[in-house]
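Number of protein chains: 2
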Amino acid sequence: MPTVIEPRTLKGFRDHLPAQALARERLLDVARRVYRGYGFAPIDTPALEYLEILTGKGSEETDKQLYRFTDHGGRDVGMRFDLTVPFARFAAQHVHDLGLPFKRYHMATVWRGENTQRGRYREFMQCDFDTIGTTSPVADLEMVLVVHDLLAAIGIGGFTIRLNDRRVLAGMLGRLGLAERSGTVLRSLDKLGKATREAVAAELAAHQVAAPAVEALLEMAELRGTPQSMLARLGALVSGSEQGEAGVAALESLLAGATAAGVPADRVVVDPSIARGLDYYTGIVLESFLDELPALGSICSGGRYDNLAGLYTKQPLPGVGASLGLDRLLAGLEELGHASKVETAADVFLVHFDGARLPDYLRIAAALRAAGMGVEFFPEPKKVGQQLKLAARRGFPGALVIGGDEFAAGTAQFKNLATQQSVTIDWHGDLRVLVDAVHSQLEAAKHAG
Amino acid sequence: MPTVIEPRTLKGFRDHLPAQALARERLLDVARRVYRGYGFAPIDTPALEYLEILTGKGSEETDKQLYRFTDHGGRDVGMRFDLTVPFARFAAQHVHDLGLPFKRYHMATVWRGENTQRGRYREFMQCDFDTIGTTSPVADLEMVLVVHDLLAAIGIGGFTIRLNDRRVLAGMLGRLGLAERSGTVLRSLDKLGKATREAVAAELAAHQVAAPAVEALLEMAELRGTPQSMLARLGALVSGSEQGEAGVAALESLLAGATAAGVPADRVVVDPSIARGLDYYTGIVLESFLDELPALGSICSGGRYDNLAGLYTKQPLPGVGASLGLDRLLAGLEELGHASKVETAADVFLVHFDGARLPDYLRIAAALRAAGMGVEFFPEPKKVGQQLKLAARRGFPGALVIGGDEFAAGTAQFKNLATQQSVTIDWHGDLRVLVDAVHSQLEAAKHAG
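Chains as they are written, first to last, in our numbering: chain B, 1 to 449; chain A, 1 to 449.
Derived by calculation from the structure, the hints in this document are not laboratory data.
Don't take each hint at face value.
Put simply, identical chains are the same to the list, so a pair is met inside one copy or across any two.
[Claimed, not checked] The calculated DSS-like cross-link candidates involving lysine-lysine, where the alpha carbons are at most 27 Å apart (straight line), are: (1) Lys11 with Lys64; (2) Lys341 with Lys11; (3) Lys341 with Lys383; (4) Lys194 with Lys64; (5) Lys383 with Lys194; (6) Lys389 with Lys446; (7) Lys314 with Lys382; (8) Lys11 with Lys314; (9) Lys11 with Lys383; (10) Lys191 with Lys383.
In this text the structure is predicted, and so the values were computed from the model without any measurement.
Next comes chain B alone, as it looks inside the complex:
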């Protein structure tokens, strides 16, 4: 016999076993439902792109992390490292078929050969949504509403959406004479929350920002209060700057719109420290955090940009959108103990008790499935205790046990696998009666659980 090859995954890559894969499918399903509910439509793009497409827009950091190689046809290719660059290429290529404005979602895997650390993998999923081809603030508002509905639907307890507008920051930088160096300054400010105040101050000083300006920037970034008081104070800070005042007005109308659409007031705050490190944002920017686990960082972030696809087309494509970091969120849910251990998506475990009754079991399973229940039928007539143990371990809500005696008496045992309690169902050989009874027992088991 030849030596076996050691079964293992690459560093930074991992398998998803059923409990994890089910949790992920649930999140994808929620995101899909919310995105679709606002009229976003799905698209997909290839995992592999021409290298020049991918390196055109990325930063030096992403270029370094790219999985790249030469394919069979001698083409230099790379694996996508985010969904924004492929969308920019896609939009430039198909804009005439799509019509504008165009709203898309894209939920897919991306790859980055970065150093692995806690919660960081080399393969992970992103769930992006964007509206392109409009500068309307309604699209900005809709981004906030989608992020709200998404996080509410996921059911992760409290969360906070932190809003800012790049124009407020630009207005402030203009008043401090720092407009020319806004990229550098914003990337430093963006580290607040991850780095200490002192570290950020030192970094700004190293960038030749004068001490009074450093103090003014940090004071602004640290402003806290009710939305109304924040808007008033930011308005005073940027007063006289056209850009800054436009940014404050945009935040004000965004908050009013969110309230009109029914978003609870405590879910959205104005936070002048939200800068987003990326250069292309030009208007509203947003991050969102779990109240119970702020250290996880933002789980859904985005903003408005003036031009998505400038590298691939001369047609300006302004837009606004955000991205849910699915795997970061899953890591957060696990850390909070919200990770489910359930390894099945079926409802009923049908015990294979009596091998001679196979046709009856098949009919019962088919009838339960036709009524919308998922049924796992054990393939072999093994010991009942062994079968029930496996069913309980996998997290089935209920098991159905029907042996020769039960068939003769027209009864069945429904066992609630969480409480280990059984009830007898009298079905007199009438499948419809059995199906209804199992359905009721399942509902009861789920509500009690």
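Position chain A relative to chain B; hints supplied.
Structure of chain A alone, referenced to chain B:
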């Protein structure tokens, strides 16, 4: 301004625009529902694996088609070319955590750098399901039931599941003295249906199969009739061969089981020409075809194998499973004119008529969404005709038009975008009345369509 980079995809790769992506999401959803309904649980594995894992099991052909490269850490890696090899590695690695029998589905993208031709892409999705860790014929039967339910749920019109058992073929080959050359002979026989009878006969002759044996093989492969008559004739052909008789008995009990589970008799036939090219099948094998488009080839194929993961573990893992060729099926649906042109998953297009009524539109959209309807609200108060044109083109069932006059009168226009007919809704400013009325109109529009 710098020159733009030409936006394009690699040869053999393609973008999915919304109509196509929606069709794919629908199929994935159907497959997920059917697989889960039988107790299969999802898993996922990395797109990249150690090269030695992938080349260990594949054929020379797949080895040649592998996308392979050396990663940042100097490891030789490859992109998965199917979901069977990663599952074998996965099963070997995690079998102690999974428990046996283990039933998984895996719906994911695979890559093959093969020559592109009609309907063949270098990136495509597979939807596999397998039961491992049991030799029970109930698992074989369940494969047939899942394939049946899947193809019925997809709603592609008539289809036929063609069943055979490798042991029947082996029994026949044994009787003809060809047992030693079964691999070669079966790969030739597997070409029947794609190649002519003459071509297959010539190929068998070239493999030194004597003329009477060639004729006997082709005659067997061409047997047609009712399941009962087929079983009788196959039984006679392999009579005396223990293996062959076991195969015929297995087919017989499979057909009985399918009937007991409610599968219509005309959906499943015995077809002795089904051999499957792959060496690892040892029992039941299955292919399935669209009645309207048999030339598309099998859209869902599978079978039983004795040992899944022999390359990665010494623990024998027998199993049975099949794979739905999602992209081949989508190509078939397009060819049959079943491809939908609908580009949205939302139900209602809410016209942005009067910019001053933004808060009202937001409340209306939120109320419709809370009632489970998807709503696209146009971001700008553009000309109504322009908005309705876009909505009709994207395939929205209905549009809701409420201007200043309508708000004043407590009315709304619901426009069926397929018939272009409008009805007036009297809602007297009561959102619940509006929501109920829109829901009824949508139901009517969908049933009429």
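Hint check results:
1. In this assembly of identical chains, Lys11 and Lys64 lie within 27 Å of each other by CA distance both inside one copy and across copies; the values are 17 Å within and 25 Å between.
2. Taking CA atoms no more than 27 Å apart as the test, Lys341 paired with Lys11 passes inside one copy only; the shortest distance there is 25 Å, against 43 Å between copies.
3. In the homo-oligomer, the alpha carbons of Lys341 and Lys383 lie at most 27 Å apart inside one protomer (25 Å), although the nearest pairing across protomers, at 53 Å, exceeds that limit.
4. Taking the shortest alpha-carbon separations for Lys194 and Lys64, only the intra-copy value of 23 Å comes in at or below 27 Å, while the best inter-copy value is 47 Å.
5. In the homo-oligomer, the alpha carbons of Lys383 and Lys194 never lie at most 27 Å apart, since the shortest distance is 56 Å inside one protomer and 47 Å across protomers.
6. Taking the closest pair of Cα atoms, Lys389 and Lys446 come within 27 Å of each other only inside a single copy of the chain (19 Å); across copies the shortest separation is 46 Å, beyond that limit.
7. Taking identical chains as interchangeable, the C-alpha atoms of Lys314 and Lys382 lie at most 27 Å apart only when they sit on different chains, with a minimum of 24 Å there against 68 Å within one chain.
8. In this assembly of identical chains, Lys11 and Lys314 lie within 27 Å of each other by CA distance solely across copies; the values are 24 Å between and 41 Å within a copy.
9. Taking the shortest alpha-carbon separations for Lys11 and Lys383, neither the intra-copy value of 41 Å nor the inter-copy value of 55 Å comes in at or below 27 Å.
10. In this assembly of identical chains, the alpha carbons of Lys191 and Lys383 never lie at most 27 Å apart, being 60 Å within a copy and 44 Å across copies at closest.
Hints 5, 9 and 10 from the list above are not met by this structure, while the remaining hints are.
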